[in-house]
Structure formats: structure tokens, C-alpha cells
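Peer 1: Chains as they are written, first to last, in this note's numbering: chain A, 362 to 611; chain B, 6 to 445; chain C, 203 to 496.
There may be inaccurate statements among the hints.
Here's a subset of chain A near chain B, in silico, CB distances under 8 Å, partners left out [stated by the list, open to error]:
(1) N412
(2) T414
(3) V455
(4) A472
When the alpha-carbon atoms are kept at most 30 Å apart in a straight line, the in silico DSS-like pairs for lysine-lysine are as follows [unchecked claim]:
(5) B:K443 <-> B:K317
(6) B:K443 <-> C:K306
(7) C:K488 <-> C:K306
(8) A:K545 <-> B:K317
(9) C:K310 <-> B:K443
(10) B:K159 <-> C:K488
(11) C:K372 <-> C:K244
Have a look at the derived ranges for each label pair, beta carbon to beta carbon [what the hints assert, rightly or not]:
(12) B:K317 <-> A:M544: 23 to 31 Å
(13) B:L202 <-> C:S260: 43 to 51 Å
(14) C:T252 <-> B:S410: 43 to 51 Å
(15) B:T373 <-> C:T340: 55 to 63 Å
Rather than coming from a laboratory, the hints here were simulated on the basis of the structure.
Computed from a predicted model, the values in this text were never measured in an experiment.
C-beta: ideal position from N, C-alpha, C; glycine also.
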Amino acid sequence: MTPHIRFHQVTVRYGSNVVVRDLSLEIPEKQIFAIIGPNNSGKTTLLKCTNRTIDFVPSARVTGEVFVGGEDVFHVPDVYALRRRIGMVFPLPVGLPLSVYENVAYAPRRAGIHDPAELDRIVEDCLRRAMLWEEVEDRLDLLGTRLSGGQQQRLTLARALSLNPEILCLDEFSIAIDPVTTMKIEDILREMKSRTTIVLVTNLVQQARRLSDYTAFLSDSQLIEVGPTEQVFTRPAQRLTERFVNGEFG
Amino acid sequence: MTREPKTRHASVAYHLAPGPNVRPADGAALPPQGYSTLEEALQAAGCYRVEAPDAPHEAEHRAASHLDIVCVPSGEPPAEASRWRRPRHERSVYNQAAGSGGEGTELLPWWSVPFAVEELGRLDKAGDLPLAPGERLRLTYREMFAPSALEMRKRTKETAARYVLMVVAWGLVAPVLVILAYLVYKAWPVLGPSFLLQNPHDFMRSGGIWAPLAGTFCLVLLSLLVAAPVGVLAGVYLNEYARDNWFTRIVNLAVMNLAGVPSIVHALFGVGAFVLFAHMGRSLLAASCTVAVMTLPVIITSTREALASVPKAFREACWNLGASRWQTIRTIVLPNSISGILTGVILQVSRAAGETAPILFTGAVFFTPIADTGLASWFPYTLQRPFMALSMHLFTLLTQVRGVSDEIQYGTAVVLIALVLVVNSLSIGLRVVLRSRKRW
Amino acid sequence: MLDAAEPAVEAIIRLCGLSAILFVFAIFFFVAREALPMLHGKLDLVEFFTSQEWRPTSEVHPQYGILALLVGTLSVTGLAMFLAVPLGLGAAVYISEFCTGRLKETLKVLIELLAAIPSVVWGFVGYMVIGPVIIHTTGAPVGVNLLNGGIILALMSVPIIVSVGEDSLKAVPDAYREAALALGASRWEIVYRVLFPAARNGLLAAVLLGVGRAIGETMAVLMATGHAVQIPHSLFDPIRTLTATIAAELGEVVAGDDHYRVLFVIGLVLFGVTFLVNLVADLIVKGIRGDKGA
């Protein structure tokens, strides 16, 4: 299986601080791939490298290569097109100060889609997939920032899905929302994985175990172990991994 | 070495003088002749209790609930406690303490009455409680959160500070309000629409102020036309594009210093750069450019602050959706900060209207012939010629024209102030309206 | 699709970002340009700064000593600060710590409106109102003098001291106040034992900005301090400041002659002084940011 995302000897520094150290990792297509590890182990930074939002961190220096679909992301002709292929969900729910409709229509509009019928279709489709449609279908002009936390997180998911990305990255998506919404989103992810590669960064080892097919364990800026989830959790090769998945630290 | 216990002097008696809230627990009466020793008086004192207050605000009074033991010569009745004569010995007991110990002081009272009596007895035996006739020992009952003397002093200081500062703050504002009222009063006969819309006549000694008023409008409009776009975009650059390096620090420093340049130096700059170097001559254009440079830094700063008030999370969300920096600014950041930007720009309107020095030598003149009637009187000035302005008009009326009536001088001043204050109030009002319409 | 014009827009934005630096340099350049011919040998700088004789219009022997003008500027600024600093800081403390709700908003708005009053109006007030009051109450021969200018400048500088001072008091974290309250401090004690030390830099910067404003003020002092080029010996002596000198005489000179150029030299002096004052104030404020980190 050709990897969808490949990190090759990637080192990332914020100023003089090494955040990711000589990391090489392959993420296969159309699976749920979990990246677990204690705080400050570089997980979020990896995500930022995939869609090059690391560019917005002024002190960041990256060496090594990151390939998405075979292309070196640091040498793509159009970085915005790259970002449109990768959907991103953050830890804190963010509703843009626009109507719910415009929230979901934001990325398509920037990508040049202006036909109202097409936008209507995209908005409804994404809100349905994010399991938010029922709650907002008659209030599409409501300001996105006025939704509840769980709704805003699903709105973020809907936005991330609006351009049919081939990769969906979620960075600790559940830490600020209620368990019911978390369960809903986990169901969505399970349903999506047959069409989309999903990268799930999480601190919650049980969530990784529930959802993912593969798991990578990062600690202290380095990749410690990677493999099928079952194996990483039940027969980990590294002592550190075993301690982490058993909750001894982190 | 034990001191001779003075409290066993035969010719004195010790009387208990309870405070208004203090009663003996079992309703016993006070012996009229008092007690012959302090020890006995203390024993009797142990039976007293403080009554529960009727209402919560009684707590303050309870803090002053006390039990005195007065020493008087035998046979004499105890005198009323003088307000000003402090007791010789003063101790505190906590009315409902849980706990133990204490030192009998205000900050660490004895925890109960029996304990207090015990301690007082011990002190008496050690000779530490001498009482001469006329002196008293006071045992004060303290409520849990009642203020101590230290706290009462602090409170007084704080109240004093509050009132002094209040006087200071209002003392700044009130005289100015008085002066403004006086100006309006002196200008009253002249104020009215004709004053505003008529041109001055007779070497400015009569008539209205339309010409300078129109000039000020033109000046403000032109200078803001130049300053606002440049200033807003510069603010966008500083908040959205500039990295945190030495160059940005220099730019910020330059903005700060531009803001601090004296207005007369702006005038010199205007003369050197626009009037002479750019060959604009003394004209509306030269003056507008000078005023534009003067108002630029504040527009930059207020734009930057307005942009910074938009949370970073919004920008990051947009970037992750594939929007470019400018697209994000155009669609999310600017629309949500436009109100703050407007506030800053409007503030500069009033400044541009009120400043005199920068236009004195770059284009404003006291008199230039303009049409009195017709369309031309509504748009009286061209870019390349000098113009009249309200601030300059006031200045010249006051310092160089003889025989102008007081009312016209005061009237001009009042119109200028009113113009400035109205514009500023608009800006402040806008700010208040925005705060209530927060979109996140 | 990317906005087609985007690179052009970004270029314009960057250009505008440079505008501030451009204009600061431009101001310095164009003022110096007019001043330079005089500075190159013709003007004796020692005499310039140390002589009281300001006789630029003398046909026989023009003299350009600005000492009296310097002293005029410094004395009126000093007097103004003497009045404005305690009043301004006191008002800032009152608004920030002892005031709440509507009263606070009202006072803040009033102080802001005070700041908006144009300097020519202040000069008018000084000349027409304060002047006669001074004459009436103290029997001084003229109402436009050092005292008048000092009062007016103080009233003009107070708003900036109040607003910057209030901002820096507001910037002290509430945690400090709460900790002090928990230890039993009264509000006043919190102010002078906790807030003043903590906000020391910001308050100092506020004062410096007030000083900068006072030094640079032109119209108000022109109208309120009289026209005497002399070193004041009492509060009731009329004086003239550097700024007022330029304003009063620039209209009478011929472009290009010595007098004209010396006025630009004075402009350079003013530019330099206010530049320095603002630089120091900025460094002090940066000092706070540096201490507190990002």
C-alpha cells in the first residue's frame, strides 16, 4: 500500500527548541491512523507540517521531507490547493463570525465556487455528514459563534469536509466537547474511513484504541513505536509504549 | 522578682461597669459597694455574657460591647466612663470562639470568658494589672468579623483617599465645564444658523463664519482621503504581515515618534516638502498633505488595535481551509474590525479640524475672496489656492483684528469646540454601540 | 481561486507599512534641508544655545541666542507637569480603582472630550478667561504669562496622563489586587503599596508622554504666555517658548534668508527633543513587556 502521507527524517525546531526529532513515518491510505503521546511530544506540529500551516509559525524551521500523495509539500506549486485537500479540526471549537451557512460555504467560495445551487448542496451535504443538519436546518443564518461548543465542533467538521478532502486530520477534537457529541463524531469517522484517510491526534489512549487501525506513539519529540493498533496496545515492542498505554504516565 | 500587688489596697473598691449589651448570665445584681479586690471583681466578671443583637447591623455596636472594672476610692460610686480617657488596661475576648489560647489582644483575643478571667487573674497575681483610683480595666467582647481599631483606621484612610481623589478627578473636569459654559454664555447672542452660513464681512468684524467653516470641511475631507487608506493599510501590515523582528520594531518606533512630533514641526515639514519642494505653493493641497501626515500615526495605531481584537483562532481556521492571508483579512478580519477602525478615523477628523499650526504656513490664510452666493459659495475652494479655516480664523480674530465684537470671537470658539465635540461624541457613541453588538 | 490581484494588494500593503518610517525620515530630511545652510558654519552653536539675545530682525547685528526661549519652554513645561502629574495620576487612580459603572464611564468620556479640545481654543481660554482672572486675583500687570501658560498646558496634558496612566493601572493583573485584599489591605493601601510599584513603568511613560505633549504644544502657549523673550523671574513674567517663536515669526520671514533658516534649526531642536522623550517613554513601556514576556 502506498502511503498517503510520508514523513522522511523530519526535524522541526521552534527557535532553538527541537519539537520533532528526525521522525520518519508512513500513514496509509483510507485508514484511521492515531498518533498518541504525552503533551509537547510534537504531535500537533506533525499535523501542521502536512498542510504547511507550519508556515504561519514565524520561528519554525523544518528539515527533512513531507510527502502527501507522493508530492513534496514544501515544493508544491499551490500551497492553497494543498490545504484544500486536507481538512483540519482543532481542539477548541471555532465557529467563524458568519452565519452557519456561510461557515460551511467559506472554503468553497474561496476556491471559486459561487453558484448558489452548488453551494446549497455542499452546505446541506456537509452539515448532514457532520450530524448537525437537523439542529440548524431552519436556522442557517444563525451566527456561528452563537452555537454551543459541541455544535461548533461539528460545524468545524462540516467546514473541513466542505471541499471533500482526501485527508482529514483531527487534533484532540474531543477535549472541549461533551461525550455525546464525541460519540457522534467518532461514528462519523468510522463511517468516513472507507473514503478518506483520517489522522487522529489524541491524548486519550482509549479513544485511539476504539477508533484507529494503526497507532504511532510519540514521546519527547521522537517516534517511539508504530504499528497496527491491536499490536501497539496489547504487545508493544517498547517498554515506554507499554507504560504509556497502561496510563503510567502522560 | 514579684512586684508588690497593688491591687490589694484597702481603701479602694472595684466596680463592674458593663456596656449596654453586656449582662450577667444568671441575672445577678451588682453589689453596690463594689468588690474589695480585683480578684473578686474578676470572678464576678466571669458571669457576664454579651447579648445577641436584635438586628444584624448591631454587629458594629457589639464590637464595642465591653465590661469595665473601675477602681474608685471606697465608698464612692463609680464615675461614668469618660469617652476620651482610655482605659489603663484593655483586653479582648472573642465572644463565641472555638479554639484555645489567645493573648487577649485585639488581633488574638482570648477565646472565651472563663479563659479570659483566668488569664486576667494570673496577670493580677503577677502584678501586671495595677489600677489607681479613677482608672479602669476594660474587657472588650469582639465579634468574629468586627473591625479592630487598626482596621477602623485603615478604613478612615481609605475613605479620605477616596474623597481626595474624587475631588481631584472632578476638579479637573468641573472647571473646564464651567469655562465651556461661560464661553457659550458669552457667545449666545451670535449663535444661530445665519452665523454658520453667512460669510464674514467688513474685515471679519461682522457677519458669519461660513467661509472658514467650509474651508475646514474641505481640509478635513482631503486630508482623510489621503491618510485613512494609507493608515489603515499600514495598520493591516503591522498586525497581519509583519514578523517579529528588528525591522518591525523600527516601524513601530517610527509610528510612535511620528505621533509625538510637535505640530509646528509638521508645519515646517509641510513648508519644506509640500509648499517648496513639491511646488504646491501655499494651497489647500499642501495643507491637506501636511495634516494627513499628522493624523497618520494615530490611524495606524487604532487600526492595529482594532485588528488585534479579532481572535487569532478565526484566522487559523481560515488558513486551514485554504484561504490566503489577504483573503482571510478581506473576509473575516477587516469586516469584524471595521467599527474599531472607524472610531479611530473619526477621532482624527476632529483633530484635523482643530489643529492650527500645521496649516498656518502651508495654505490657510485669513482672507481670500470667495463667492457669497450661488453654487460656488458651497464649494468655495480649489486645490491649488489658499483657503480659510475655522481654527486659523479664531486665532487671527483674537490676535490680529481690532474692533471685533466679543460675541463673534466667542461664537467662533464655540462653533469650533462644538464641531470637535460632536465629532468626538460620534466616535465614542460608535464605540459604545459596537461593544454591545459583539459577534463573538 | 486566488484573487488575481492578490500579489499587487500585498505589495501595496507592505508599502503602506513602510510609510511611517518614510515620513519620519522625510520630516527630518526636509526640516534639516532648510536648516542646513545656516548650520554649516554660519551659526555659532555655542552662542545659539547659551545666549539670551534673540534679535533676528536687527539690521546691524542679528543675534540668534535661544537660551531664553529654551528656559521659557522648560519652565512652562515644568510648571505644567508640576500641576498635571499629581492631578493626572490622582484622577487615573480614582477612575481605575475607586470608580465603577456609570460614574467610571462618564468620567472617562469627559476626560476624552477634554483631550479633544483644540489647542487654539485652549489658547483662547488662556487669553480671554484665565488672563483676566489672574490680573484680578493677583494684581499682576499682564494676564498672559508663565502662570497662565502653565495652567493651560497642565489642563492639556492631563488627559494623556490620565488615559495612559489608567491603561497601565488596568494592566496590573487582578491577581495582585486580590492577593493584597486577601491579606487585609484596604483599597488605598493596595494602590500605593501594590499598584504603584507594579505599574511604575507605565505611569512613568504616561508622565513622559505628557511632557512630550507639553514641550511640543504651539498655539496654546503662543496665545497664553505673552511675547516676551526673556528668562522669567516670577510666575507672572511673560515668556516665549521655542514653538511659539517659530509660529510667531515664520510668517514674517523671507524664504531662504538667515532668520528663516534659524527657525528651521529650532525646529530640528524640537524634533530631536521630542524624539528623545518619546524614545525613552517607549523603552520604558517595552521594559514592562519584556519583563512580562510574550
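Peer 1: Now, for every hint given, state plainly whether the structure supports it.
Peer 2: Structure-based check of all given hints:
no.	hint	verdict
1	N412	holds, 7 Å
2	T414	holds, 6 Å
3	V455	holds, 5 Å
4	A472	holds, 7 Å
5	B:K443 <-> B:K317	holds, 16 Å
6	B:K443 <-> C:K306	holds, 21 Å
7	C:K488 <-> C:K306	holds, 28 Å
8	A:K545 <-> B:K317	holds, 28 Å
9	C:K310 <-> B:K443	holds, 21 Å
10	B:K159 <-> C:K488	violated, 36 Å
11	C:K372 <-> C:K244	violated, 52 Å
12	B:K317 <-> A:M544: 23 to 31 Å	holds, 30 Å
13	B:L202 <-> C:S260: 43 to 51 Å	holds, 47 Å
14	C:T252 <-> B:S410: 43 to 51 Å	holds, 46 Å
15	B:T373 <-> C:T340: 55 to 63 Å	violated, 42 Å
This entry does not satisfy hints 10, 11 and 15, going by the numbered hints stated previously.
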